[in-house]
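Peer 1: Residue strings, one per chain:
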Amino acid sequence: MTELADRRPAESGPAPRPVRSLYAGNARAVMFRGWRATRSTNWLVVVSGFFEPIFYLLAMGIGLGTLVGTVTTASGHEVAYPAFIAPALLAVAAMNGAIYDSTWNVFFKMQFAKLYEGMLSTSLGPLDVALGEILLALLRGALYAVGFQLVMQALGLNLSWWALLALPAVLLIAFGFASLGMAITSYMKTFQQMDWINFVMLPMFLFSATFYPLTVYPEWLQSIIQALPLWHGVELVRGLTTGDVGWGLLGHVLYYVVMIAIGLVFTTRRLRALFLD
Amino acid sequence: MSEPVIVANELVKRYGEFAAVDRISFEVAPGESFGLLGPNGAGKSTTMRMVGAVSTRTGGELSVLGLDPDRFGPEIRSQLGVVPQADNLDAELRVRENLLVYGRYFGLPRKLVAERADELLAFAQLEEKAKAKVDSLSGGMKRRLTIARALINDPRILLLDEPTTGLDPQARHILWDRLFRLKEQGTTLLLTTHYMDEAEQLCDRLVVVDKGTIMAEGTPAELIRRYSTREVLEVRFGSDRNSEVAARLSGLGDRLEVLPDRILVYSENGEAELVRLTDAGLHPITSLVRRSSLEDVFLRLTGRSLIE
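As given, the protein sequences belong to chains E and F, one line each in that order.
Residue numbers are given in our numbering: position 80 of the first sequence equals residue 72, and the series is strictly consecutive.
Residue numbers are given in our numbering: position 200 of the second sequence equals residue 209, and the series is strictly consecutive.
Hints listed in this document are in silico derivations from the structure and should not be mistaken for laboratory results.
Just to be clear, a hint being listed does not mean it is correct.
Stated by the list, open to error - Think about it this way: if two alpha-carbon atoms lie no more than 27 Å apart in a straight line, the pair counts; the simulated DSS-like pairs of lysine-lysine are:
1) 138(F) x 120(F)
2) 106(E) x 142(F)
3) 151(F) x 138(F)
4) 120(F) x 151(F)
5) 192(F) x 151(F)
6) 106(E) x 181(E)
7) 151(F) x 140(F)
8) 181(E) x 138(F)
9) 106(E) x 138(F)
10) 140(F) x 106(E)
11) 120(F) x 140(F)
12) 142(F) x 120(F)
Full structure from sequences and hints, please.
Peer 2: Below you can see the structure in the form of structure tokens.
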């Protein structure tokens, strides 16, 4: 009875802070679920995604690289071809890991497994679900990226001590892609719409100054690519692993911070609209 | 009487022009087992979602455990157990893991959740299935696991939306037995159903809902007493002849109900009515005398049967 009496003033008082209905501070429970699910069913799938950028590095960097020689970066540095594309592939590894989990996996959980519906009938809020799922996707991206950077180190492709900062940089990149990926996926209703994501991802991977400098394009095309997220990731990581560091890199960091925020806001709003109308 | 745990007053939920729930009022006392009985589309699930603080209301007042669900969603949800109409168990997790993970969603400590998970597996008679995949369970087992999952946070109210729909008779009886135990332990139950026998077995009190509004309220026995007779004589004369014969039956029993496939004669004494009927030279293909049920109450109130 005292319990009820304690609560009553709250009901007649002002509405609680809006954040409380969105966030219970328990995103780790969502991550715990993801970890248990991955462990018991699909860890093999997780491992397989790790090799893709490594194959690109071997085929393009080492193979094709013998024909290319060196590349001049945006700031005028001469860099061996494998050392030029490796950081780009590192950013791609982070992106891929984050995107796998935050798009197709989220789509399935949302449309078929009714997972979020179950989660949101507990004390979890939509921001807990969004953050938990995004952090989980981020971890997958980070896992790929760390593995890839070890390969880079073994091949002598980290040219500077600044390369150590590439690790937090790829975390940021993975966070950005996971956040935006889940936000976009939460608005998707059909498989056809999901295919559009792939349709955007492949050209972005190929043309974001990944395999050659941006200067090969006409100006108008350069600006389009500079508006897309992967280019910022590639430039940020390339600057760090080649030791070509300037204040300009902070611009790329800012781009990702904004991307993370936008993704979280839209994912949370969408989950609320879908499951807590 | 102690404070009600759920109070709905003129509750409304609209989707555009359509009112799924149209000014429903009811109260549920602690420890009570309360039912929403009605056909599909009556607004039962929508009401459940509002009580479960996962759907905001369009109008009226609603209080769950003394709080407004539109403003205190997480606080209310932390004290509810929810068994949704369609199973949404986590198929990527094993049976016991489903309980462990769900308990963590409530922010409960790992050790406590592990203890409760084992108790609840025993309660749901699923101990041997602890490590099984969810997909390998039968429909009845899945439902029992869903109920066990809903109990992991030791809820003050358990919401059950069509708990036995789609289950075979044996599985239903096992489930009713489990729910009856919960009731005996004093758990407050709010359940929806379109099965009469389920409502009669489990509900202390219920409301009959149709098209978003409440048609009647009471205990199952009260409702039957108020809206029906003690017995019912069901006679069939064949699909073509039922309506033709019905004209000749007027005056029989307290009331007649002519359905496409049969005629229902409401009376205190069904056998006596059957005798009168055969004395009048009518010979039905089949005849059956039974006690009145909530099905008859529903038919009386809405002119339609519950399951069509």
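Peer 1: Return the numbers of the hints above that this structure violates; sort them in rising order.
Peer 2: 8
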